[in-house]
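Two chains, two frames, some hints: make the complex.
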Amino acid sequence: MRKGVMRPGHVQVRVLDIDEAVQHYTELLGMIETDRDDQGRVYLKAWTEVDKFSLVLREADEPGCDFMGFKVLDEAALNQLEKDLVAHGLEVEQLPEGELKDCGRRIRFTVASGHAFELYADKTYTGKWGVSDVNPEAWPRGLKGMKAVRFDHCLFYGPNLAAVYDVFVNVLGFHLAEQVIDPEGTRIAQFLTASMKEHDIAFIHSDKPGQFHHASFFLETWEDVLRAADLISMTDTSIDIGPTRHGLTHGKTIYFFDPSGNRNEVFCGGDYTYPDHKPITWKAEDLGKAIFYHDRVLNERFLTVLT
Amino acid sequence: MVAYQVYNRTTGDRFSCEEGQSVLKAMESKGYKCVPVGCRGGGCGFCMIKVISGSYECGKMSKRHCPPEALENGEVLACRIYPTKDLVIECHSEAGNAAD
Numbered sequence: 010m011r012k013g014v015m016r017p018g019h020v021q022v023r024v025l026d027i028d029e030a031v032q033h034y035t036e037l038l039g040m041i042e043t044d045r046d047d048q049g050r051v052y053l054k055a056w057t058e059v060d061k062f063s064l065v066l067r068e069a070d071e072p073g074c075d076f077m078g079f080k081v082l083d084e085a086a087l088n089q090l091e092k093d094l095v096a097h098g099l100e101v102e103q104l105p106e107g108e109l110k111d112c113g114r115r116i117r118f119t120v121a122s123g124h125a126f127e128l129y130a131d132k133t134y135t136g137k138w139g140v141s142d143v144n145p146e147a148w149p150r151g152l153k154g155m156k157a158v159r160f161d162h163c164l165f166y167g168p169n170l171a172a173v174y175d176v177f178v179n180v181l182g183f184h185l186a187e188q189v190i191d192p193e194g195t196r197i198a199q200f201l202t203a204s205m206k207e208h209d210i211a212f213i214h215s216d217k218p219g220q221f222h223h224a225s226f227f228l229e230t231w232e233d234v235l236r237a238a239d240l241i242s243m244t245d246t247s248i249d250i251g252p253t254r255h256g257l258t259h260g261k262t263i264y265f266f267d268p269s270g271n272r273n274e275v276f277c278g279g280d281y282t283y284p285d286h287k288p289i290t291w292k293a294e295d296l297g298k299a300i301f302y303h304d305r306v307l308n309e310r311f312l313t314v315l316t
Numbered sequence: 000m001v002a003y004q005v006y007n008r009t010t011g012d013r014f015s016c017e018e019g020q021s022v023l024k025a026m027e028s029k030g031y032k033c034v035p036v037g038c039r040g041g042g043c044g045f046c047m048i049k050v051i052s053g054s055y056e057c058g059k060m061s062k063r064h065c066p067p068e069a070l071e072n073g074e075v076l077a078c079r080i081y082p083t084k085d086l087v088i089e090c091h092s093e094a095g096n097a098a099d
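Keeping their order, the protein sequence lines are chains Y and L.
10 is the number of the first residue of the first sequence in the numbering used here; add one for each residue after it.
0 is the number of the first residue of the second sequence in the numbering used here; add one for each residue after it.
The set of hints was computed from the structure by calculation and includes no laboratory data.
Even glycine gets a Cβ: it sits at the ideal position worked out from N, Cα and C.
You may find that some hints are simply not true.
As the list claims (entries may be wrong) - Chain Y side only, calculated, beta carbon under 8 Å to chain L, not exhaustive:
no., residue
1, Asp-175
2, Gly-270
3, Arg-272
Next up, chain L with everything else stripped away, as it sits in the complex (with noise of 0.2 Å):
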């Protein structure tokens, strides 16, 4: 099976995510707690992340977390993305406040 490295600077964490796994997904099944859970499903806001490096694809997502703006500078929500090479994020500075 393919996987990929995901690495978080902000907290020094690393994980594998399986093909056509979530970010979130894979960080939850590895018992890291380096990204906030909300709701998983790309509504909350919640697990925003930024993406300094890597490709992935994106699940539809809330327009209010992540306006067109948000999503070219690779802010994005880790439940919905699906990396296709090794990543390397960092934890969003409003992370833990996106949904307050």
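One chain only, chain Y, in its complex shape (with noise of 0.2 Å):
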């Protein structure tokens, strides 16, 4: 049941070094630079995004993912879902309206796969990059690289994903679009939606915390994906697999990595989901189906190379 989580706002990304990852994130992707703070964080959107931004990037002396924020519907959503991840018995803590910059109060809780997620109603509203809100023209001129679309979800690896189903589903209200099961029932991946995407946020089972697999960024066509695979090679950039799909969710995919090794996906296509739809299941013995559709195997990198 829907509880008023609309949509992924915002993912903070850690770099090694800041220029190499703007630079990356803007003119292979083609996103945005919106804005700096004085904490030297840049702050990026993909050009269909109506709000300011959706990629904070903070250098660090190892890369990774600080956290990933919700946008909820209205405050009133906001300060019920604290209410609720407090008697679910998180702890959820305060980041004060401007802490990034142009965007409301946050609240912060980590869930059991060691990870942490952001809730928050209000962000700068911008609009589309380079086209109005009336008779609006199709794209706009100058966009660079990928011309990434919008910043689509995130894949994270970690340990209790039964606790982080239950924060999602039942606190937050996402649903569960697809999931793979292993031959003793033990749900290993978890693909949840707040949306009709076949998801917004995805876990995969590790046991070790935290782990950071890849940020997402949608593309409109397969032409699109290939035309990324040019740029990636054009640019030297570090790829991990595809052009492929995906049996999970099917999408069509890329996947690469930015300089300091966080790995990054641009993909198009992918199913539908409602929440009166059953999940979809693929089991663990066909995982290398269900990863990598066309090669069916899979490759060690995929699983294991994480920052």
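If you want it as structure tokens, here you go:
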């Protein structure tokens, strides 16, 4: 049942060199730098996003993800969700308005997989980049690189997936779109959504907590994914795998790494889901096909290379 | 062009590395697979090696995988070291599990 969580709103990613990272996310992915703050963090957005930023880059001595934030419907929903999280037994940290520039107050909590998440209701509305709200043109001129359409989702690796499921489904109102079940009946992967998208967030089991697998950005077409692959070669960017198709979600995808080793995905397509849809199940025995539908074989790097 | 020889004494492989090229990039470009390839960005720790002899310059590496004491021991990420003399390396005993 929906509880007022609308969509992924932002992700803060740690990078080893801020200038190299900004170059990667602007020139290659085609995101737009929208601001910087006095901590040295850089704020970016993809062109169709209506709020001021969706990606925050922070220079640090180890890469990874600081937190992922979801935007909720309004302040009343935020207040209720805060009460529900506390009642569920989670510690909730308060981040005041302006701690992220032009973002309202946020609440932050860490789930049992070791990952930090945030909820917020307000962020400065800047509208889509380069097009008007009235009689908009199809797309703006001047986009660079892959011309990423939007920040779409993240995949995290960590333990205690059942407890994480409980928070996302029963407290935050997500539903389970897809899962991977092992022969003992344990869910080892869960794709959760607050929308019609097959995943707004996904988790895969790993004993080690707090690991970041990738941040994903949406493209419109398979041709765009192939063009992204061309750009990855043209820029000698570190590639992981693709272009290919996933079994899970059926999205068409390519994976690569930012200059600090954080994995990125750009993808198109993917199935849709409504809350009355039963979860799609993939068997762990067929994990190769579930992850890489064409090769039907796992590549070790995809499972073990994380930040 | 200046090139340095890299000898992986764990596997017995030898390959040349151009000036300014990372050890991992040189290995991949020569078709060797004697060091595990991860993110190639100093982030995941997958390509951890130990440098036994030789000299090199370092790029930025995740402190989680390469804290100062590891660097002092020559325990570095192959994707982020650039030889300035011939190198003898061995694969770190944790290689392949560094990002588990």
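Which constraints among the numbered hints does this structure fail? Numbers only, ascending. 1
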